[in-house]
Amino acid sequence: MRVFAVAEIKFGELDPVSIELLNLANSIKGDGTAEAVVIGNNISNYAEELAKYADKVWKIEDASLENYNPELYVDVLFQLFSKEKPDIVLVANSSRGSEFAPALATKLNAPVITDIVGLDTSNGIKATRYIFQGKLLVDILVKDGETSVFTVRQGVFKEGSEVGGEVVDAGIKPSITPKREFSQIIEPEVGEVDISQADIIVSVGRGIEDASNIELAEELADALGGVVAGSRPVIDSGWLPKDRQVGISGKTVKPKLYLALGISGAFQHIMGMKDSELIIAVNKDPEAPIFGVAQYGIVGDIFEIVPALVDKLREIKG
Amino acid sequence: MNIIVLAKHAADPESEIRVSQDGKSVDERGLVFDINDWDRYAVEEAIRLKEEHGGEVVVVGVGQTEDTLRKCLAMGADRAIKVPVEPGMDSYQTAMAVKEAISGEKFDLILAGLMSQDYNNALVGVLLAGMLDIPFATAVTSIKVEDGRVRIIRELEGGFGEENVLSLPALLTVQSGINEPRYVSIMGIKRAKSKELKEVSVSVEGGYTEIDRIYTPPVKKAELIEGSPEEVAEKLIQILKDRGLI
Ligand SMILES: Cc1cc2nc3c(=O)[nH]c(=O)nc-3n(C[C@H](O)[C@H](O)[C@H](O)COP(=O)(O)OP(=O)(O)OC[C@H]3O[C@@H](n4cnc5c(N)ncnc54)[C@H](O)[C@@H]3O)c2cc1C
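Taken in sequence, the protein lines are chains L and Z. Position one of the first sequence corresponds to residue 0 (numbering that gives the first Met the number 0), numbered consecutively onward. Position one of the second sequence corresponds to residue 0 (numbering that gives the first Met the number 0), numbered consecutively onward.
Treat the hints with care, since some could be wrong.
What the hints assert, rightly or not - The calculated BS3-like cross-link candidates involving lysine-lysine, where the alpha carbons are at most 30 Å apart (straight line), are:
id, chain 1, residue 1, chain 2, residue 2
1, L, LYS106, Z, LYS219
2, L, LYS283, L, LYS51
3, Z, LYS234, L, LYS255
4, Z, LYS98, L, LYS283
5, L, LYS172, L, LYS106
6, Z, LYS194, Z, LYS143
7, L, LYS178, Z, LYS143
8, Z, LYS219, L, LYS273
9, Z, LYS105, L, LYS178
10, Z, LYS23, L, LYS255
11, L, LYS142, Z, LYS98
12, L, LYS253, Z, LYS234
13, Z, LYS105, L, LYS283
14, L, LYS253, Z, LYS49
15, Z, LYS49, L, LYS178
16, L, LYS316, Z, LYS234
17, L, LYS84, Z, LYS98
18, L, LYS283, Z, LYS234
19, Z, LYS49, L, LYS273
Note that these hints are calculated values from the structure, not bench results.
Make a model of the complete structure from these sequences and hints.
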């Protein structure tokens, strides 16, 4: 198999997911090749780094590729892939990758499967992904298509070994004028509390039900000497400020204690807190995926557990 | 501004989810359906843009979407198009069905939810943009209409955003939190009854993929702490003490 991985450069650095894509490529290529594509301006250093893990690295360099633009990405990748005819194209399931990959697939007339966590090429092509926010897994067979496109979940294919390949200039330039223009990057909001520095985090999810119940979490955080954070729906509803969001589009935290209250444990949330030293989850659903990352779990109602905990902690403190 | 919004009648991931006997589909009994959460934000955004700039909001639903389409009309959409095709998990077929169903429509903007809450493919929007060959952006958290263009902010990782300007017509997929979706009022429901809900039949071909197996993921289970709330609290405090956390 000829497997191509599209590298991702973010804020001047090669995103580790690029190596993960190559790890996957190497594990499924059989007697074929794992090849990387890197797109941008002044990208030789990234190409060299990628070449450690790839049989070949294709450089697509142009001043107009300085900033990510999905139309230009689709245009240059289409030029390369129409010529090289890969069997499989791997793209990061990132804010960028998940945006341009489906458009690339339509242009290539190729099947596309997103957010995969497994890919088996031993007998046809079979991809594995989660549905229902992590509650079920599904194996999907690719029926036909010369090239298949997959977006790959980050953090899954961390293991791999070095290959040592060559870097070539693909000699490709953008051939279109995009209808979308980049204007600027917008920095995250900063608030008074930096949850990424906290030792103890009481984190609430949609299970908290209402803004007025945040107080309950605050009492517990006070009693523990910690801070309150939340999952995305809590922030979307305006119950906590944006800088308290834990997860892939919020903050990454690594406290000594992460108490997850009424949080289901969607992958986008878990990515932001899985490296906490101790994770304790309270959820009324015994099947909630959060119990897969927590060391301790309580299957129960936060409106019963939390007040009991606050009472006991206050007793101790006197 | 003529806006087309895509709305899916989707299963709630919090409902009881079981795999069917055949191991290839999800048992519909026990599932609770409602408007897909991300689409709710898309419909709200479309209505706001219309309130500001005039025009029409047409909501399109593929599959058994009648309840959801009625809800969108009650929120303030002007008319609805139902496309009675059952593409299941195949986003390509859904996008094809929408493309055909809207072939006679004039639009400046198409809005869709970033993904569906049941299958989480995040595909239909961008596939449709690709099929229509119009500019697109995903995970959009702000939309401002300028002269024949839209200025948008889309979400990146880690709290960062990215501002872009797209020429119209364009397709945007909307991220949660972009607005606060309105509740459906009784008046809205009454008014919705007289609005047009048209059925458009289309035929979609094969699709590229086939479901092999659906199954429950093996989970590394947390050690469970059981007992009354007081007992649980007691045990938790012991764990925290042992680790020097209190
Ligand atoms: C591109 C993208 C980026 C995202 N970024 C993030 C991110 O940064 N952070 C993030 O968190 N999410 C993010 N999400 C959203 C994510 O997919 C989930 O939707 C979200 O994490 C769910 O939050 P939740 O667990 O609070 O809510 P739900 O999934 O609704 O879960 C609520 C849980 O509470 C439990 N519960 C309800 N009532 C009680 C009670 N009384 N007692 C105990 N338990 C109760 C329920 O059993 C359920 O498990 C992102 C999604 C996308 C597509």
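Subject >> Unsatisfied constraints (hint numbers, rising) >> reply: Going through the list in order, the structure violates hints 1, 2, 4, 10, 13, 14, 19 and respects the others.
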